[in-house]
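**Student:** In order, the protein sequence lines correspond to chains A and B. Numbers 4 to 116, taken from my numbering, label the letters of the first sequence in order. Numbers 6 to 119, taken from my numbering, label the letters of the second sequence in order.
Keep in mind that a hint or two might mislead.
Unchecked claim - Quick list of the computed label-pair ranges, beta carbon to beta carbon:
| # | chain 1 | residue 1 | chain 2 | residue 2 | range |
| --- | --- | --- | --- | --- | --- |
| 1 | B | 12 | A | 58 | 36 to 42 Å |
| 2 | A | 67 | B | 59 | 34 to 40 Å |
| 3 | B | 119 | A | 44 | 32 to 38 Å |
| 4 | A | 72 | B | 17 | 24 to 30 Å |
To be verified - If we take Cβ atoms under 8 Å as the criterion, some of the chain A residues that face chain B in the derived model are:
| # | residue |
| --- | --- |
| 5 | 21 |
| 6 | 22 |
| 7 | 45 |
| 8 | 46 |
| 9 | 47 |
| 10 | 52 |
| 11 | 70 |
It is worth saying that the hints were derived from the structure and are not from the lab. Heads up, the beta-carbon is just placed ideally off N, CA and C, and yes, glycines get one too.
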Amino acid sequence: AQSVTQLDSHVSVSEGTPVLLRCNYSSSYSPSLFWYVQHPNKGLQLLLKYTSAATLVKGINGFEAEFKKSETSFHLTKPSAHMSDAAEYFCVVSGAYGQNFVFGPGTRLSVLP
Amino acid sequence: DGGITQSPKYLFRKEGQNVTLSCEQNLNHDAMYWYRQDPGQGLRLIYYSQIVNDFQKGDIAEGYSVSREKKESFPLTVTSAQKNPTAFYLCASSIGGTTQETQYFGPGTRLLVL
């Protein structure tokens with residue numbers, strides 16, 4: 004069985020400062036891991052995914068995440084926050100099949116001017 | 006322009022009424038999914054379909070029904086048996102149903118009870 008923990012329900016940063024959104028996972032399989040972003044009242048957009056290739060994964064809009072098997076973590080980072088980054092972010096672990104997509108509870112990112 | 010469309014954007018349900026949410030994709034994807042999103046929670050899987058004319062229950066299927074008569078379409082019916090239907094409903098699709106494939110999401114339908 005898979006599970007996902009997003010350690011912060013809300014993160015607030017100032018524009019231009021680094022972003023760190025934390026995710027830990029549990030999986031019986033070699034997992035695929037994803038980060039999605041959701042703006043208010045919108046669908047989810049894929050930021051990046053890890054599928055057992057390089058452990059440092061680069062995504063869209065300057066985001067990246069590092070897969071650390073020893074720590075069972077997949078934290079999302081961005082060097083410099085932009086106002087448009089304010090949204091809800093979901094970490095997802097996938098098991099053997101697509102129906103086993105397990106979503107974390109989400110982290111709401113606020114970006115202050 | 007490929008993607009997933011959901012309609013309507015907002016839907017109001019009266020007590021005892023069945024309502025149907027539409028989901029259409031033109032990505033030629035085999036697999037489609039319905040999720041429910043409640044405030045402060047992650048998404049929970051209602052139903053999924055890996056191929057036409059076949060679908061399976063997810064984690065919270067009670068009070069919902071689906072059909073998959075066409076590859077492009079996967080409508081969700083919220084029945085009167087669903088006692089707490091107020092939520093944001095998201096449809097997704099993927100090329101197939103395996104673990105490494107990205108799921109692509111529609112814009113969502115917000116269901117409210119009158």
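**Student:** Work down the list of hints and note, for each, if the structure agrees.
**Tutor:** Status of the hints after comparison with the structure:
no.	hint	result
1	12(B) / 58(A): 36 to 42 Å	holds, 41 Å
2	67(A) / 59(B): 34 to 40 Å	holds, 38 Å
3	119(B) / 44(A): 32 to 38 Å	violated, 20 Å
4	72(A) / 17(B): 24 to 30 Å	violated, 47 Å
5	21	violated, 25 Å
6	22	violated, 20 Å
7	45	holds, 6 Å
8	46	holds, 4 Å
9	47	holds, 4 Å
10	52	holds, 6 Å
11	70	violated, 14 Å
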